[in-house]
Structures are given as structure tokens and as C-alpha cells.
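Assemble the whole structure, with the sequences as input and the hints as a guide.
From first to last, the protein sequence lines are chains A and B.
Using our numbering, read the first sequence as starting at 1 and increasing by one per residue.
Using our numbering, read the second sequence as starting at 1 and increasing by one per residue.
Read the hints as simulated data drawn from the structure, not as lab findings.
Values in this document were obtained by computation on a predicted structure and should not be read as measured data.
Where a beta carbon is used, it is the ideal one built from N, C-alpha and C, also for glycine.
Honestly, I wouldn't trust all of these hints.
With the C-beta cut set under 8 Å, the calculated list includes, among others, these residues of chain B facing chain A [to be verified]:
hint, residue
1, Arg-22
2, Lys-73
3, Arg-79
4, Ser-82
5, Met-84
6, Leu-90
7, Leu-99
8, Arg-104
9, Thr-106
A few chain A positions that, by computed beta-carbon distances, are all more than 12 Å from chain B [to be verified]:
hint, residue
10, Arg-6
11, Glu-8
12, Thr-10
13, Phe-19
14, Lys-27
15, Ser-41
16, Leu-42
17, Glu-50
18, Gln-78
19, His-80
20, Glu-89
21, Leu-93
22, Glu-118
Protein chains: 2
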Amino acid sequence: MSQDNRLEKTNRINLLFAFYERLLTEKQQTFLKYYFHDDFSLGEIAAEFEISRQAVYEHIKRAEQTLENYEAKLELLQRHESRMQSIRELEALSFDDKLPEETRRTLGVLSEKLQALE
Amino acid sequence: MSQDNRLEKTNRINLLFAFYERLLTEKQQTFLKYYFHDDFSLGEIAAEFEISRQAVYEHIKRAEQTLENYEAKLELLQRHESRMQSIRELEALSFDDKLPEETRRTLGVLSEKLQALE
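Rendered as C-alpha cells:
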């Protein structure tokens, strides 16, 4: 995998992890965190947990697949990204000085509330 | 259970079902639909599938529990309801005739886009 593809994949897994973390087993959560979030190598994780490099690799592969399966069913990441586009437009509107001060304040509050739910 | 509580519970299960349907087994999906959505009795479902009334009851109990477990972990229904409050405020603002026509149109489009993602 190229450096760019690897980075893109790491980003995607980290995002999916944020949405579906609570649906993974404790072991899956731990290994994904070490590998994608903290950037440990397979060998380092294997040493840390005293299991084979191959076993770590398989745990991580399976956890990635589980995340992608949940996303295929629930599309939480995809919906999040679509919502964020509208929320950013709303936020931009709250800085539009052609609008009444009160409206801008209301739009600011609404965009913050929506953002906080993401 | 009182009539009101029963209605409230039916509404809640129907809502949870809308969010988590794809995470249930086919059998769970079928029984929940018959019972909560189409208002069949346990006896009617038992007759339809040629299993005992008790077996239907247990499938439905377990499916309800599964839905509540997913909600406890992902809170999709709760987040949906919080977002809907802000979306409705946004929609109301799009009808505010003290605002410029163009702004109202933009707010209308944004509230529709956000609503469509719910």
C-alpha cells in the first residue's frame, strides 16, 4: 500500500472506530487503538501482548471488517459527512453581516448544537 | 400495562426498529414487524408460523432487548430527537418574513437536507 493510501485507510478506520467502537469486543478495541490510533507496529503489539504477529494481524483484519460491516448497514460515517456539509453552511451564515444580529446569534447556536451531536 | 404505556412502548420499539433494523436477524425483523408494526397478536403470529405462542413471545422479547442494547451503545434515537429540535427551529426561521428572501430560501434548503438525513 502506498503512503497516501495507508494514511487514507488509517483515517477511515479511526473515523469508523469513533462511530462503532462500542460495538466491538474489548480485544478488538484494544488492538485497533494500538495499531491505528497509537501507530504501534504489528510486531510491537505482538510483543506487548505476548502473542504471535500473525494473531495480531488477524484480530485487526477482523475488527476492520466488523467496522466496515456496521458502516454498510448503518452508514453513520456517511450520514455524518453529509450533515457536516450543511452544518458548515449554517455556521458560515451565522457570520454573514448582512443578517440581523439576533438571527446570526440564533444560527450560531443552532450550528453549535448540531455540531455537538456529531 | 396500561393502554397509554402500551402505545408509548409500541412507538419506541417502532422508532428503535427504524434505526437498528439492519442489525437484527431476519426472524427478529419479521416477528417485530408483525407484532409492533402490523399489530398482530402473539397467537396470530404463532398460528401463521406454526410455532408456539411462547416461542413467539421469546423471539420478540429478545429482539426488543437487542434494540435497547444497541440504543444504549449508539444512542441513535436519542441523538435523532435532539437534532430534530434544532432542525425544526431552522425550518421555523426559514418562514420568518423579517429575513431576506435569499436567506430564507437557504435556510429552507438546509433544513430539508438535514431532515432528509434523519
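Hints and how they fare:
1. Among the interface hints, the one on Arg-22 (chain B) holds; its C-beta lies about 4 Å from the nearest C-beta in chain A, closer than the 8 Å criterion.
2. Against a cut-off of 8 Å between C-beta atoms, the interface hint on Lys-73 (chain B) holds, since the closest Cβ of chain A lies about 4 Å away.
3. For Arg-79 (chain B), the suggested interface contact is upheld, since its CB lies about 5 Å from the closest CB of chain A, less than 8 Å.
4. For Ser-82 (chain B), the interface hint holds, since its Cβ comes within 8 Å of a Cβ in chain A; the closest pair sits about 6 Å apart.
5. A distance limit of 8 Å between C-beta atoms decides the matter here; for Met-84 (chain B) the minimum to chain A is near 10 Å, and the interface restraint is violated.
6. A least Cβ separation of about 6 Å between Leu-90 (chain B) and chain A falls short of the 8 Å threshold, and the interface hint therefore holds.
7. Contact between Leu-99 (chain B) and chain A, as hinted, is supported at the beta carbon level, the nearest pair being about 6 Å apart and thus within 8 Å.
8. About 10 Å separates the beta-carbon of Arg-104 (chain B) from the nearest beta-carbon of chain A, more than 8 Å, and the hint is not met.
9. This hint holds: Thr-106 (chain B) has a C-beta 7 Å from the nearest C-beta of chain A, less than the 8 Å allowed.
10. No Cβ of chain B comes within 12 Å of the Cβ of Arg-6 (chain A); the nearest lies about 28 Å off, and the non-interface call holds.
11. At roughly 24 Å, the least C-beta separation between Glu-8 (chain A) and chain B is larger than 12 Å, which holds for a residue marked as non-interface.
12. Even its closest Cβ contact with chain B, about 23 Å, leaves Thr-10 (chain A) beyond 12 Å, as expected for a residue assigned away from the interface.
13. For Phe-19 (chain A), the requirement that its beta carbon stay farther than 12 Å from each beta carbon of chain B is not met, with the minimum near 8 Å.
14. Taking the minimum C-beta to C-beta distance to chain B, about 17 Å, the non-interface status of Lys-27 (chain A) holds against the 12 Å cut.
15. The non-interface label for Ser-41 (chain A) is consistent with chain B: the shortest C-beta to C-beta separation is roughly 30 Å, beyond 12 Å.
16. At roughly 28 Å, the least C-beta separation between Leu-42 (chain A) and chain B is larger than 12 Å, which holds for a residue marked as non-interface.
17. In this structure Glu-50 (chain A) is separated from chain B by more than 12 Å, as the shortest Cβ-Cβ distance comes to about 30 Å.
18. Remark: the non-interface label on Gln-78 (chain A) conflicts with the geometry, its nearest Cβ contact in chain B lying 10 Å away (cut-off 12 Å).
19. Under the 12 Å C-beta cut-off, the non-interface status given to His-80 (chain A) relative to chain B is violated; the minimum distance is some 9 Å.
20. Its closest Cβ contact with chain B, about 6 Å, brings Glu-89 (chain A) to no more than 12 Å, contrary to its assignment away from the interface.
21. Look at Leu-93 (chain A): its CB is around 7 Å from the nearest CB on chain B, not clear of 12 Å, so calling it non-interface is violated.
22. A beta-carbon of chain B comes within 12 Å of the beta-carbon of Glu-118 (chain A); the shortest separation is about 9 Å.
Of the hints listed earlier, those the structure fails to meet are numbers 5, 8, 13, 18, 19, 20, 21, 22, in rising order.
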